[in-house]
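Colleague: So the chains spell out like this:
Number of protein chains: 2
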Amino acid sequence: MGTVTAPWKQLLLNSLHSNSHLRHSTYFQLATISPNGMPANRTVVFRGFQDETNKILINTDCRTQKIDDLNHWPFAEICWYFTDSWEQFRINGAVDVVDGSNSDPFKLQQREKAWFDSSPKSRLQYLGPNPRTPSLGDQLTQVPSSLDPSSGPVEAFCLLVLDPDQVDYLNLKSNERITFTRKIVNEEISWISEKVNP
Amino acid sequence: MGTVTAPWKQLLLNSLHSNSHLRHSTYFQLATISPNGMPANRTVVFRGFQDETNKILINTDCRTQKIDDLNHWPFAEICWYFTDSWEQFRINGAVDVVDGSNSDPFKLQQREKAWFDSSPKSRLQYLGPNPRTPSLGDQLTQVPSSLDPSSGPVEAFCLLVLDPDQVDYLNLKSNERITFTRKIVNEEISWISEKVNP
Numbered sequence: 001m002g003t004v005t006a007p008w009k010q011l012l013l014n015s016l017h018s019n020s021h022l023r024h025s026t027y028f029q030l031a032t033i034s035p036n037g038m039p040a041n042r043t044v045v046f047r048g049f050q051d052e053t054n055k056i057l058i059n060t061d062c063r064t065q066k067i068d069d070l071n072h073w074p075f076a077e078i079c080w081y082f083t084d085s086w087e088q089f090r091i092n093g094a095v096d097v098v099d100g101s102n103s104d105p106f107k108l109q110q111r112e113k114a115w116f117d118s119s120p121k122s123r124l125q126y127l128g129p130n131p132r133t134p135s136l137g138d139q140l141t142q143v144p145s146s147l148d149p150s151s152g153p154v155e156a157f158c159l160l161v162l163d164p165d166q167v168d169y170l171n172l173k174s175n176e177r178i179t180f181t182r183k184i185v186n187e188e189i190s191w192i193s194e195k196v197n198p
Numbered sequence: 001m002g003t004v005t006a007p008w009k010q011l012l013l014n015s016l017h018s019n020s021h022l023r024h025s026t027y028f029q030l031a032t033i034s035p036n037g038m039p040a041n042r043t044v045v046f047r048g049f050q051d052e053t054n055k056i057l058i059n060t061d062c063r064t065q066k067i068d069d070l071n072h073w074p075f076a077e078i079c080w081y082f083t084d085s086w087e088q089f090r091i092n093g094a095v096d097v098v099d100g101s102n103s104d105p106f107k108l109q110q111r112e113k114a115w116f117d118s119s120p121k122s123r124l125q126y127l128g129p130n131p132r133t134p135s136l137g138d139q140l141t142q143v144p145s146s147l148d149p150s151s152g153p154v155e156a157f158c159l160l161v162l163d164p165d166q167v168d169y170l171n172l173k174s175n176e177r178i179t180f181t182r183k184i185v186n187e188e189i190s191w192i193s194e195k196v197n198p
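Chains A and B are the protein sequences, given in the same order. All residue numbers for the first sequence refer to our numbering, where the first residue is 1 and numbers rise by one. All residue numbers for the second sequence refer to our numbering, where the first residue is 1 and numbers rise by one.
I should point out that these hints are in silico values taken from the structure, not numbers from a laboratory. A quick note: this is a predicted structure, and the numbers were derived from the prediction, not measured. Treat the hints loosely; a few may be bogus.
Note that identical chains are pooled: a pair holds if it fits in a single copy or bridges any two copies.
Unchecked claim - No farther apart than 30 angstroms at their CA atoms in a straight line, the calculated lysine-lysine pairs in the DSS-like style are these:
#1 Lys195 to Lys107
#2 Lys183 to Lys55
#3 Lys121 to Lys183
#4 Lys113 to Lys173
#5 Lys55 to Lys195
#6 Lys113 to Lys55
#7 Lys195 to Lys113
#8 Lys173 to Lys107
#9 Lys173 to Lys121
Pulled out of the complex, with its shape left as it was, chain A reads as follows:
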């Protein structure tokens, strides 16, 4: 399927650049739907785009509830607010959950790349106790203090790949809003953009 750089991608790269002095500029909120039908929402970290595509990468722990949510209903909406430039991106799309049991060699390779791209400190997290289970106190929940930097992804490490379908851009300084909708015709992707009222 043909890939074109989406028109919203440059806007997003500009926002990342103009807010890059803020640690939290790469944090956004990811909304999913729980198997019980309730909306769920949490902060995650942007890990870049997949190669030259428009797909957004997120690292997570296989043992978190978002994995149950996405295995049940594989759609999410990102809400990304840039606190310095007053811009918001709402990015809706399907999410591919790539854990160690994936049968696609390309996807497993992408998961491995994501693992080695993350810091040794953040890799250690995935060796910690089961998230959201009762805390047993410091002695019983100790995480190993180091991990061989050359060893590959551990079982709990999971890569999420969100493929954007719709993007809603809002600029609260200029009071501009633009919606971007993906259209696929004859296996070619194009993006329709429209200026709308904020």
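Chain A is already provided as a structure; the job is to place chain B on it using the hints.
Modeller: Chain B alone, transformed into the frame defined by chain A:
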């Protein structure tokens, strides 16, 4: 039904206080589910608690998609990340949509209070053109430059009241996580809190 101050409320008030130097500390992301089954997520502004309760107030425009979402499925999850103190609150609950057609005099009074509590400038927003419809350019979408400060809420003004049912607190500095679950026994509300693994 008896009301007790929820244990998470003091934690939230502390976070608001310690991040109050940041304009965006009162902004959070509200996730809902669209009638087509897709997750939706956007930034909104915290307008305080309803009187002495634990209920969270949000002002919005009746013409936005979140109203369609909530009329269809009245549940939401707030994700509120405090960028200075590195704390996250995930707050899940039912949402009451209070527009001008509401038949409950108390709720209409709360809507009126929310209107007069908001700034004259933010009230003008509700007189603007229909959100998310194609922008017709400056000439045709002009908003009145002033509004009689004593006149009550306009038709498009809507108050949302989120009644928290579950709260998940995460502190990324201390690496602590606490879940709070509401329990109603014999019409009395109590909150169960549990320390869990982050």
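Colleague: Now tell me if each hint is right for this structure.
Modeller: Outcome of the hint check:
1. Within a single copy, Lys195 and Lys107 get their C-alpha atoms no closer than 36 angstroms, and across copies no closer than 36 angstroms, so neither meets the 30 angstroms cut-off.
2. Taking the closest pair of Cα atoms, Lys183 and Lys55 come within 30 angstroms of each other only inside a single copy of the chain (15 angstroms); across copies the shortest separation is 41 angstroms, beyond that limit.
3. Within a single copy, Lys121 and Lys183 get their C-alpha atoms no closer than 40 angstroms, and across copies no closer than 38 angstroms, so neither meets the 30 angstroms cut-off.
4. In this homomeric assembly, Lys113 and Lys173 come within 30 angstroms of each other (Cα to Cα) only across copies, at 28 angstroms, whereas the closest approach inside a single copy is 37 angstroms.
5. In this homomeric assembly, Lys55 and Lys195 come within 30 angstroms of each other (Cα to Cα) only inside a single copy, at 23 angstroms, whereas the closest approach across copies is 35 angstroms.
6. With identical chains, the CA atoms of Lys113 and Lys55 are at most 30 angstroms apart within one copy only, with a shortest distance of 15 angstroms there and 44 angstroms across copies.
7. Within a single copy, Lys195 and Lys113 get their C-alpha atoms no closer than 37 angstroms, and across copies no closer than 34 angstroms, so neither meets the 30 angstroms cut-off.
8. Proximity of Lys173 to Lys107 under the C-alpha cut-off of 30 angstroms is found in neither arrangement, the shortest distances being 40 angstroms within a copy and 33 angstroms between copies.
9. For a Cα distance limit of 30 angstroms, the shortest separation of Lys173 from Lys121 across copies, 15 angstroms, qualifies, whereas the shortest one inside one copy, 37 angstroms, does not.
In this structure, the hints that do not hold are numbers 1, 3, 7 and 8, in rising order.
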